[in-house]
Amino acid sequence: SAVISQKPSRDICQRGTSLTIQCQVDSQVTMMFWYRQQPGQSLTLIATANQGSEATYESGFVIDKFPISRPNLTFSTLTVSNMSPEDSSIYLCSVEAGANYGYTFGSGTRLTVV
Amino acid sequence: DAKTTQPPSMDCAEGRAANLPCNHSTISGNEYVYWYRQIHSQGPQYIIHGLKNNETNEMASLITTEDRKSSTLILPHATLRDTAVYYCIVRVALSGYALNFGKGTSLLVTP
Numbered sequence: 001s002a003v004i005s006q007k008p009s010r011d012i013c014q015r016g017t018s019l020t021i022q023c024q025v026d027s028q029v030t031m032m033f034w035y036r037q038q039p040g041q042s043l044t045l046i047a048t049a050n051q052g053s054e055a056t057y058e059s060g061f062v063i064d065k066f067p068i069s070r071p072n073l074t075f076s077t078l079t080v081s082n083m084s085p086e087d088s089s090i091y092l093c094s095v096e097a098g099a100n101y102g103y104t105f106g107s108g109t110r111l112t113v114v
Numbered sequence: 115d116a117k118t119t120q121p122p123s124m125d126c127a128e129g130r131a132a133n134l135p136c137n138h139s140t141i142s143g144n145e146y147v148y149w150y151r152q153i154h155s156q157g158p159q160y161i162i163h164g165l166k167n168n169e170t171n172e173m174a175s176l177i178t179t180e181d182r183k184s185s186t187l188i189l190p191h192a193t194l195r196d197t198a199v200y201y202c203i204v205r206v207a208l209s210g211y212a213l214n215f216g217k218g219t220s221l222l223v224t225p
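Taken in order, these protein sequences are the chains called A and B.
Residues in the first sequence are numbered from 1 upward in steps of one, following the working numbering.
Residues in the second sequence are numbered from 115 upward in steps of one, following the working numbering.
Hint data in this document are derived by calculation from the structure and do not stem from the laboratory.
Honestly, I wouldn't trust all of these hints.
As the list claims (entries may be wrong) - Residues from chain B that keep clear of chain A, each with C-beta distances beyond 10 Å, as calculated:
1. Thr119
2. Pro135
3. Gln156
4. Asn167
5. Thr170
6. Glu172
7. Glu180
8. Ala212
9. Leu213
Stated by the list, open to error - Partial list, derived from the structure: chain B residues whose beta carbon lies under 10 Å from chain A:
10. Cys126
11. Trp149
12. Gln152
13. Ser155
14. Ile161
15. Ile162
16. Ala174
17. Arg195
18. Thr197
19. Val199
20. Tyr201
21. Gly210
22. Tyr211
23. Asn214
24. Phe215
Where is the CB? At the ideal position from N, CA and C, for every residue including glycine.
Isolated chain A, as found in the complex:
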């Protein structure tokens, strides 16, 4: 199944700044998915990133706040822009790992905004 390298694993950022999270996959995948997990909560889908086209955002998430790049079939970035303490969460990327493996997830980026 696919293996994802996600970085950074954690960061502490000042409010008003931006952080870019990277996910590198060891195989080519069509779709990459970005999730947010707020403290004590389940995972919420932010957007779906398809190589060669604009990402599709879920209700409540906008491109200006969470711009996504998908330059090729193995890489994607999510930027959390103009951060506030409410953005403190774990951010995860995910890809489909094949019919018998379900979905694979990155190890997550734990973001704290102060």
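With chain A held as given, fit chain B onto it using these hints.
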């Protein structure tokens, strides 16, 4: 995707079988049941999935009722490392669609 209902928390003694239930009474004929778990501070991990037959792999067994309205994930010999949040997700097996996570069941395995 069909709605699922799971108990918020369960306990299990180490070495015993952990049986985690999931209700999905509105499941459609082409929807699969997927199970994932998330150990603290890690990304979710795929466990098993199935359509209507019982399934078993090296991690767990998935037992589905004949009417498919509920299922049970069985960890046959729970260890302390199985302490995690377990998510039951029902969805069609179409490529290109994300998983929608509910609240899951927080399983605590005790010595």
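Right, here's what the structure says about each hint:
1. Thr119: 14 Å, holds
2. Pro135: 18 Å, holds
3. Gln156: 6 Å, violated
4. Asn167: Given a closest Cβ separation of 15 Å, the condition holds.
5. Thr170: 13 Å, holds
6. Glu172: It holds; Glu172/B is separated from chain A by about 12 Å at its closest Cβ, greater than 10 Å.
7. Glu180: At roughly 24 Å from the nearest Cβ of chain A, Glu180/B sits farther out than 10 Å, so the non-interface label holds.
8. Ala212: Check fails; 4 Å does not lie beyond 10 Å.
9. Leu213: 6 Å, violated
10. Cys126: 21 Å, violated
11. Trp149: It holds, given that the least Cβ distance between Trp149/B and chain A is near 9 Å, below 10 Å.
12. Gln152: 8 Å, holds
13. Ser155: Since chain A brings a Cβ to about 7 Å from Ser155/B, closer than 10 Å, the hint holds.
14. Ile161: With Cβ-Cβ at 8 Å, under 10 Å, it holds.
15. Ile162: It holds, given that the least Cβ distance between Ile162/B and chain A is near 8 Å, below 10 Å.
16. Ala174: Constraint on Ala174/B not satisfied, violated at 13 Å.
17. Arg195: Constraint on Arg195/B not satisfied, violated at 16 Å.
18. Thr197: Check failed: Cβ of Thr197/B comes no nearer than 16 Å to chain A, outside 10 Å.
19. Val199: With Cβ-Cβ at 8 Å, under 10 Å, it holds.
20. Tyr201: Interface hint status for Tyr201/B: holds (7 Å vs cutoff 10 Å).
21. Gly210: 5 Å, holds
22. Tyr211: 8 Å, holds
23. Asn214: With a minimum Cβ separation of about 7 Å from chain A (threshold 10 Å), the hint on Asn214/B holds.
24. Phe215: Because about 4 Å separates Phe215/B from the closest Cβ in chain A, which is inside the 10 Å limit, the hint holds.
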